[in-house]
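Asker: Each chain, written out:
There are 2 protein chains.
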Amino acid sequence: MSDAKKPDESRRSGRSHQAILKAVVELVGEMGYARLTIEAIAARAGVGKQTIYRWWPHKGALVLDAFAALAGGVAALPDTGDVSVDLKAVLRATVVELCEPRFEVPSRALTAESQMDPVLAKQFVDTLLRPNLEVTKERLRSAQRAGQVARGVDLDVAVELLFGPLFHRWLLRTAPLTREYADTVVDYALAALRPPSPSSGSAG
Amino acid sequence: MSDAKKPDESRRSGRSHQAILKAVVELVGEMGYARLTIEAIAARAGVGKQTIYRWWPHKGALVLDAFAALAGGVAALPDTGDVSVDLKAVLRATVVELCEPRFEVPSRALTAESQMDPVLAKQFVDTLLRPNLEVTKERLRSAQRAGQVARGVDLDVAVELLFGPLFHRWLLRTAPLTREYADTVVDYALAALRPPSPSSGSAG
Numbered sequence: 001m002s003d004a005k006k007p008d009e010s011r012r013s014g015r016s017h018q019a020i021l022k023a024v025v026e027l028v029g030e031m032g033y034a035r036l037t038i039e040a041i042a043a044r045a046g047v048g049k050q051t052i053y054r055w056w057p058h059k060g061a062l063v064l065d066a067f068a069a070l071a072g073g074v075a076a077l078p079d080t081g082d083v084s085v086d087l088k089a090v091l092r093a094t095v096v097e098l099c100e101p102r103f104e105v106p107s108r109a110l111t112a113e114s115q116m117d118p119v120l121a122k123q124f125v126d127t128l129l130r131p132n133l134e135v136t137k138e139r140l141r142s143a144q145r146a147g148q149v150a151r152g153v154d155l156d157v158a159v160e161l162l163f164g165p166l167f168h169r170w171l172l173r174t175a176p177l178t179r180e181y182a183d184t185v186v187d188y189a190l191a192a193l194r195p196p197s198p199s200s201g202s203a204g
Numbered sequence: 001m002s003d004a005k006k007p008d009e010s011r012r013s014g015r016s017h018q019a020i021l022k023a024v025v026e027l028v029g030e031m032g033y034a035r036l037t038i039e040a041i042a043a044r045a046g047v048g049k050q051t052i053y054r055w056w057p058h059k060g061a062l063v064l065d066a067f068a069a070l071a072g073g074v075a076a077l078p079d080t081g082d083v084s085v086d087l088k089a090v091l092r093a094t095v096v097e098l099c100e101p102r103f104e105v106p107s108r109a110l111t112a113e114s115q116m117d118p119v120l121a122k123q124f125v126d127t128l129l130r131p132n133l134e135v136t137k138e139r140l141r142s143a144q145r146a147g148q149v150a151r152g153v154d155l156d157v158a159v160e161l162l163f164g165p166l167f168h169r170w171l172l173r174t175a176p177l178t179r180e181y182a183d184t185v186v187d188y189a190l191a192a193l194r195p196p197s198p199s200s201g202s203a204g
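Chains as they are written, first to last, in this note's numbering: chain A, 1 to 204; chain B, 1 to 204.
Extracted from the complex, chain A is given alone in its bound form (with noise of 0.2 Å):
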């Protein structure tokens, strides 16, 4: 217990932590993510430059951290043994993410700068949006358990067939984003990936 910090120390740890996290999310979205400084975040979170180079070795590891603290983990799906009940609730949520100005704008900056910048890019994506992915696919494997989706469906393209339209529509702002257009995408990539019909017409 020698070197354990004192109680006053990691409080104080903790909210600067905090505060630099938070820093970076709204300067991302206020000035985007290429002029974004070091000491931009230092002077707006209230702490010294060496505080954060104490944590963050650069500016594009600590933004990726403060964007995965913003979208707050990722969570397993949830598994009612509906597939689809399951799945218009994530996509729903998500569509309420994508439309909260805290996190729609310095997502949208996030998303700009990746387009120019294929390392950061990959970042996000390996750090944000592939586990996403990942716990749909989770999700959709148990699905193929049940008989609710085709044993032979590409579920690296199922994911996309459910999460593309909704990133083009906000991306691309084609119509408005709205859970009902959640649901519907849910309800024709469900028919896409759901098995064949037995020929008898009943369930077997």
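Rather than coming from a laboratory, the hints here were simulated on the basis of the structure.
Incorrect hints may appear among the rest.
A pair counts as met if it fits within one copy or between any two copies, since identical chains are not told apart.
Stated by the list, open to error - In silico SDA-like links for lysine to any residue, alpha-carbon gap of 25 Å or less:
1. 122 to 180
2. 59 to 174
3. 49 to 176
4. 22 to 197
5. 137 to 8
6. 137 to 31
7. 49 to 21
8. 49 to 96
9. 49 to 78
10. 122 to 79
11. 88 to 31
12. 122 to 178
13. 88 to 18
14. 22 to 147
15. 59 to 96
16. 88 to 195
17. 59 to 173
18. 122 to 176
19. 122 to 179
Given chain A, put chain B in place with the hints provided.
Answerer: Showing chain B alone in chain A's frame:
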């Protein structure tokens, strides 16, 4: 005929016009939309600023014209009678275009800028994207009349079910964007959109 341009002057105008559009696409790819200036375009194209202002009121109108010229205009989809064949031809062509550096670099720049600039985004969608979605909807309408797509399908959702997964993979670089992926997306989307099979199992 008295106020018609002389042939030499008309030829020179045509050359300047093409040089300006080419310069715009190059420069958007190199510096992005936000930092693009009429001065830089004039210098690259070898024309005077007044020549540019004679034809385009502002940068936004010019950039959209340049991208419309790059995309080569929107034609109706082929109608071979087989909607799967026709959609695969279009989605494969989209994949090829999105992966071609001459098109990819400025398109990513414009997509990035659109995230931060809703006015540009709306012009971008209305001028460049929506016409492509509309001709695809028209082909799906013809497939509805032919009984290959269910009558009740929401065609606005259907086109995003086709193009959404393509753009999702391109924008977020979740995996390589290939012709095979385009084919699979069409197969899945059409499985979602097809009419309910007759209960007897034989075509009516």
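Asker: Confirm or reject each hint.
Answerer: Do the hints match the structure? See the list:
1. 122 to 180: This pair counts as between: shortest inter-copy Cα distance 22 Å, intra-copy 31 Å.
2. 59 to 174: between (33 Å within a copy, 23 Å between copies)
3. 49 to 176: neither (41 Å within a copy, 39 Å between copies)
4. 22 to 197: neither (51 Å within a copy, 53 Å between copies)
5. 137 to 8: neither (43 Å within a copy, 63 Å between copies)
6. 137 to 31: neither (35 Å within a copy, 38 Å between copies)
7. 49 to 21: Intra 14 Å, inter 45 Å, cutoff 25 Å: intra-copy only.
8. 49 to 96: The answer is neither: 35 Å in one copy and 46 Å across copies each exceed 25 Å.
9. 49 to 78: neither (41 Å within a copy, 60 Å between copies)
10. 122 to 79: Answer is neither; intra-copy 30 Å and inter-copy 39 Å both fail.
11. 88 to 31: neither (34 Å within a copy, 40 Å between copies)
12. 122 to 178: between (28 Å within a copy, 18 Å between copies)
13. 88 to 18: Intra 32 Å, inter 49 Å, cutoff 25 Å: neither.
14. 22 to 147: Classified as neither; 44 Å inside a copy, 54 Å across copies.
15. 59 to 96: For residue 59 and residue 96, neither the intra-copy (28 Å) nor the inter-copy (34 Å) Cα distance is at most 25 Å.
16. 88 to 195: both (19 Å within a copy, 23 Å between copies)
17. 59 to 173: between (29 Å within a copy, 21 Å between copies)
18. 122 to 176: between (28 Å within a copy, 12 Å between copies)
19. 122 to 179: between (29 Å within a copy, 22 Å between copies)
In this structure, the hints that do not hold are numbers 3, 4, 5, 6, 8, 9, 10, 11, 13, 14, 15, in rising order.
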